[in-house]
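Trainee: For the record, in the sequence shown the residue sitting at position 353 is 353 according to the numbering used here, with numbers rising by one throughout.
Just so you know, the hints here were simulated from the structure itself, not pulled from any lab data.
Given the structure is predicted, the values throughout are model-derived calculations rather than measurements.
Mixed in with the good hints, there may be bad ones.
Pairs of lysine to any residue residues, derived as SDA-like cross-links and limited to a Cα-Cα distance of at most 20 Å, are as follows [to be verified]:
id: 1; residue 1: K222; residue 2: L302
id: 2; residue 1: K117; residue 2: V96
id: 3; residue 1: K260; residue 2: G225
id: 4; residue 1: K222; residue 2: T259
id: 5; residue 1: K110; residue 2: K70
id: 6; residue 1: K137; residue 2: W112
id: 7; residue 1: K100; residue 2: V127
id: 8; residue 1: K370; residue 2: I301
id: 9; residue 1: K165; residue 2: K260
id: 10; residue 1: K70; residue 2: G21
id: 11; residue 1: K177; residue 2: D267
id: 12; residue 1: K45; residue 2: V96
id: 13; residue 1: K110; residue 2: T75
id: 14; residue 1: K70; residue 2: G47
id: 15; residue 1: K117; residue 2: I181
id: 16; residue 1: K70; residue 2: V96
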Amino acid sequence: MFNNYFYLNMRRLTDYFPLSGYEIDFIPVGEGERSGDAIAMRITKNGKTEIYVIDGGTKASGEALVQHVKEYYGTDRVDYLISTHPDMDHISGLRVVLEKLKVRELWMHKPWEHASKIINDILDGRVTQHSLSERIKESVRLATEVEEMAKEKKVKVCEPFQGAKIGSYFYVLSPSKEWYIELLKNFDKMPPTKSTPMPGCKAFASSADNTAYEDWYNETLKEDGETSVRNESSVVLLGILPDDHGVLLTGDAGRQALTKAYEYAWDCDYDLQQCRFVQMPHHGSRRNVSPEVLDMLLGPILPVGSTATKTSFVNTSKGAPDHPRKSVVNAFIRRGVKVIATKGKKICSWSGYPPRNGWGSASPLSLSRKVEK
């Protein structure tokens with residue numbers, strides 16, 4: 001059974017090394033309206049431990065990650081440092097982790113290295129492969145800085161494409177290399193190409209002041225939500241942990257990426273509905289999921305009063321009024337998922353390790369009658 005705890009104070013956990021177990025820690029990112037992701041994991045099997053960090057949030061949350069790994073995992077090393085995509089609220093803290101901890105491998109996309117695959121599709125004949133590569137580097141400047149720092153520290157850098165295995169426990173479900181290159185053509189600041197613009201390249205006006213009403217069987221979440229192309233390029237990870245609990249980490253992936261992830265896992269004889277832990281995509285944005293996608297990932301709506309059998313964490317800053325969206329939280333709850341938001345606090349899901357000193361039970365979110373229209 002998953003156990004969920006929120007951060008109360010910084011007491012040190014007494015040394016304890018189980019034969020097998022894991023801890024999944026969501027570190028809060030930011031205090032304003034923008035949310036980010038910073039996740040740390042400790043996984044032990046047969047006495048052997050691997051440490052993972054997935055995204056680093058801001059510089060401040062990167063510092064918090066470093067402190068957390070040292071304080072609660074009792075180490076100054078990270079075996080696998082993973083960047084899901086190059087947004088500032090996900091990647092900035094990775095520089096701090098690289099600077100202050102010993103990292104074995106860095107997994108991140110390097111879009112500038114794929115300029116040769118798309119140069120022939122660029123409509124402007126004056127654009128060269130070199131200038132295109134430099135333009136991409138400038139658009140993802142923080143990612144290039146992270147890679148340069150890793151190289152300076154002689155950290156192995158790998159690209160996380162579909163089918164890759166990271167460490168002993170994680171598999172990349174999306175994106176495939178081919179689809180990533182198609183997405184790259186429509187990244188911000190890219191010159192026009194022969195390709196038809198993909199969906200998800202527009203800004204969305206807020207409609208948070210419009211209210212809709214839901215109950216258990218009345219779901220207002222739309223089927224046509226679109227997120228940005230860069231979000232769709234997020235790495236989607238499946239973890240198979242020591243007790244066979246499945247863990248799905250989604251970054252800021254949208255409907256297309258989540259569908260491709262599900263289909264790839266299915267082709268590999270794994271049904272993602274088996275996952276007991278699911279990260280809510282993009283901090284609970286309604287642009288990233290739909291009823292159809294959630295039926296695939298989580299299963300259908302359950303009868304009223306059904307016991308939750310899964311847990312979902314969502315990283316939202318203290319001052320983010322729109323995240324997570326109530327309609328998305330409701331959709332998860334209807335499908336048997338207990339939803340817990342950071343809202344400025346650390347939260348942990350664990351098995352095999354003892355309760356931490358100074359941590360207490362977290363309160364899941366409840367079904368909302370009024371939701372955003």
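Trainee: State for each hint whether it applies.
Mentor: Here is what the structure says about each hint:
no. : hint        : result
1   : K222 - L302 : 19 Å, holds
2   : K117 - V96  : 32 Å, violated
3   : K260 - G225 : 16 Å, holds
4   : K222 - T259 : 16 Å, holds
5   : K110 - K70  : 29 Å, violated
6   : K137 - W112 : 6 Å, holds
7   : K100 - V127 : 39 Å, violated
8   : K370 - I301 : 19 Å, holds
9   : K165 - K260 : 17 Å, holds
10  : K70 - G21   : 18 Å, holds
11  : K177 - D267 : 17 Å, holds
12  : K45 - V96   : 28 Å, violated
13  : K110 - T75  : 29 Å, violated
14  : K70 - G47   : 19 Å, holds
15  : K117 - I181 : 7 Å, holds
16  : K70 - V96   : 14 Å, holds
Hints 2, 5, 7, 12, 13, counting from the list given before, are not met by this structure.
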